[in-house]
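Enquirer: Residues per chain are reported as follows:
Number of protein chains: 2
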Amino acid sequence: MNAPGQLSHFVPKVTQCVVPTVMLDALKAHFGERCSTALVVREQHGRDESAYTVPPPAAVVFAESTADVAFAVKLASEHSVPVIPFGVGSSLEGHLLAVMGGISIDVSRMNQLVSINPEDLTVTVQPGVTRKQLNEEIKSTGLFFPIDPGADASIGGMSATRASGTNAVRYGTMRENVLALEVVTASGEVIRTGTRAKKSSAGYDLTRLMVGSEGTLGIMTEITLKLYPLPEAISAAVCSFPSIEAAVRTTIQIIQMGVPIARVELIDVNTVRMVNAYAKLSLREEPLLLMEFHGSPAGVKEQAQTVQEIASEFGGNAFEWATTPEERTRLWTARHNAYFAAIQSRPGCRAISTDTCVPISRLADCLLDSVSEADASGLPYFLVGHVGDGNFHFGYLLDPNNAQEHELAEQLNQSLVARALRLEGTCTGEHGVGLHKMDFLLTETGSGAVDMMRTIKRALDPKNIMNPGKIFRV
Amino acid sequence: MNAPGQLSHFVPKVTQCVVPTVMLDALKAHFGERCSTALVVREQHGRDESAYTVPPPAAVVFAESTADVAFAVKLASEHSVPVIPFGVGSSLEGHLLAVMGGISIDVSRMNQLVSINPEDLTVTVQPGVTRKQLNEEIKSTGLFFPIDPGADASIGGMSATRASGTNAVRYGTMRENVLALEVVTASGEVIRTGTRAKKSSAGYDLTRLMVGSEGTLGIMTEITLKLYPLPEAISAAVCSFPSIEAAVRTTIQIIQMGVPIARVELIDVNTVRMVNAYAKLSLREEPLLLMEFHGSPAGVKEQAQTVQEIASEFGGNAFEWATTPEERTRLWTARHNAYFAAIQSRPGCRAISTDTCVPISRLADCLLDSVSEADASGLPYFLVGHVGDGNFHFGYLLDPNNAQEHELAEQLNQSLVARALRLEGTCTGEHGVGLHKMDFLLTETGSGAVDMMRTIKRALDPKNIMNPGKIFRV
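Residue numbers (our numbering), protein chains in the order written: chain A, 375 to 848; chain B, 375 to 848.
Which copy is meant is left open, because identical chains are indistinguishable; a pair holds if it fits in one copy or across any two.
Below, computed lysine to any residue pairings styled on SDA-like, alpha-carbon distance capped at 25 Å: (1) 600 with 797; (2) 600 with 623; (3) 448 with 820; (4) 675 with 606; (5) 513 with 632; (6) 675 with 608; (7) 600 with 798; (8) 675 with 603; (9) 654 with 698; (10) 448 with 829; (11) 448 with 821; (12) 600 with 817; (13) 837 with 409; (14) 600 with 820; (15) 600 with 738; (16) 402 with 391; (17) 600 with 546; (18) 513 with 680.
What the hints contain is simulated information worked out from the structure, not anything from laboratory work.
This is chain A alone, in the form it adopts within the complex:
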């Protein structure tokens, strides 16, 4: 997945911490073969889906238990060495990069379901469980976990970045769906941040503080999630529109009318072409909305009818339905493959993804101006969006060896973020801040809020060893 070229001016300026031999020896003594200093392993853990290139971590340990994680963190704390948790490596913002050196703690082998409580609609998992694995393992309960960021990400990574995706318009994000956590703190202690009760007013909301903290405050070792009954009826539909504006205005009205739509995704005409070519589909080459309705048979019918009426007001074509599970899977796979389809449309290219999210009434303004700007730039791009939430992604397709194109993409992104902030939105709806959006975060929240984050970070991680160098400069 990593492009061959390197965006050299994208490398953050960093001070690399040296991991002392005594610490490496202690890790090897504890982890045995589960501690690796092989370059290939370190390199695999020293990159993600972002465009950054930095030196890999000094070692990788493969944790198999909370005790393993606590051991590694305690040792790292003694030696003031950075630790970076690693799930499947699907971050887009450089979260996993060892910008200050240190070690990577791979939790992908912590992939057990700790307990399933179908009667309470909850499950507790280890952080290395991926969302597809989770849904596979709970299939027999008649329940499902709806959060779907596209990639088959780990639940730990999704929690750490406050991920969301296509179903969030109905089911919320990781913010709403993580009930409680077990966390290894910066000193290597193990704490619990909540219970399985559906709601609680018991002190500070440490769960929500950890969710989205990108590994900078602690490492999640158990995650209790909400589950949902599989809807009695599901149907998916595609509707194409004469313009992006028509598709967006349809979406705005669906949301404002309170239709409990489960998914409403925009795909622009560029991306439709790419997806058709990649997945051998024959979607009509127009901007389209890909939708899904969940509920009782009557409820789904009612929702679909309302949406169809709204769509036709804006010139939308008749719905094309995907009623069997196979058809639905094919459609959503196409959506999830938009990224890969786009990458393949320009061989050797690398995609830089944007992630703005604005209040729904501002979506048309934000999106249309950004499309005009991107079109005028001449840079190829794809455009997909969780438009029901006001969240969309441009993917600028760069020749990684072309500094000018890179500069252009950066300019487009900056202009887009500035526009989203003017419209009371955020620079990141679901990818997180990581390395790339530190300055955007500062502009968005102001120095007062970032100072508060920094104060919390310093208090909870005084040695600055928990995934340092991310979100803000300490």
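With chain A's structure known, arrange chain B on it following the hints.
Expert: Only chain B this time, still in chain A's reference frame:
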């Protein structure tokens, strides 16, 4: 509302801070007549709905703007004097009590809607706006704010305690419904914790950290909330059952089947009698569920049908419907008046309210054992519950001058909390920790999590002036 007697052994042991004259003079110079040291005003701000009695604050200032709050906090910080924000005084846990002295900042005059964005389903309010006022002022938009803790609490107070109430089973709690905040920090700075975007991964979730922090980390001066379209159809129904167990088992099945019921409240037979006497109603004298369904006309019908089938399986009687808004209001007013009805049932008594919340599958175990225990004690009580969330409240009705009864109520509460924690629940579903539940919090989360809360508190409020002495001992 305060009972005549005092529960003297309930007074927390505290060190009272002396407010220096120079600070009082500066407050008077800034606030003029909006700064009061009159005993009656101070006493009114030195108590809430809890059973504690402590000396009142040294002064009360009536803030009319964020700048007023910032001024008072900055001054308090200079003099290391505690500040306690005050909305309408409906806390049940002693949140508003000046246990370490200091001044009360009354925000009830900050009662303006700052901006309404109906097209985005958001509103930004000042903290002194009450929930009824909010719904009154946005009536013409076709939207409503669902969180309803019973009391006409201020939005500031509801946010600070992470309140919820009868509608939470469908719409969530303040945790899910506060989008962003403006906060005056312990140093008197003004920060913003988010935007109006529906979701965001932009750094630490300061919004959720502040929600439920009970005034100990900052004072909220603007609150951005989610709103919802008024349902096309609403219907309410009462169903009585042969036993509490039958009512609870019905609720459990409703939730497990994923019925999107908007309200499902349990009222035990004691409380039905009290409510009938108080509100001149003729509810059947059996345990009952009070329910509300929101949706399209067809959706509401479908939900009601499913629930009726479940109820009849457990011996529930036929639904009695309240279809007109007037009938619904009468029914829900009766529910909300349960507390007052209970108080009146034993003249001169005081109610001690419990607030446990357990996973729904544990609800029957938790509730039935606790009912047996309460019955065996001989102490009069009322029992109501937001049972769809696994949350319920016993109100033990004490003679405030009878130490033995008080001891008994404490024992019952301790036994109830211990039971709820064994069943993976929480000591407080919606009232907050305040003064009374500090030890319960410690048992519930363990010292590691409370240490983390304390570390955050010390970092963000190094002088310990923000509503000190609440949630945990610093």
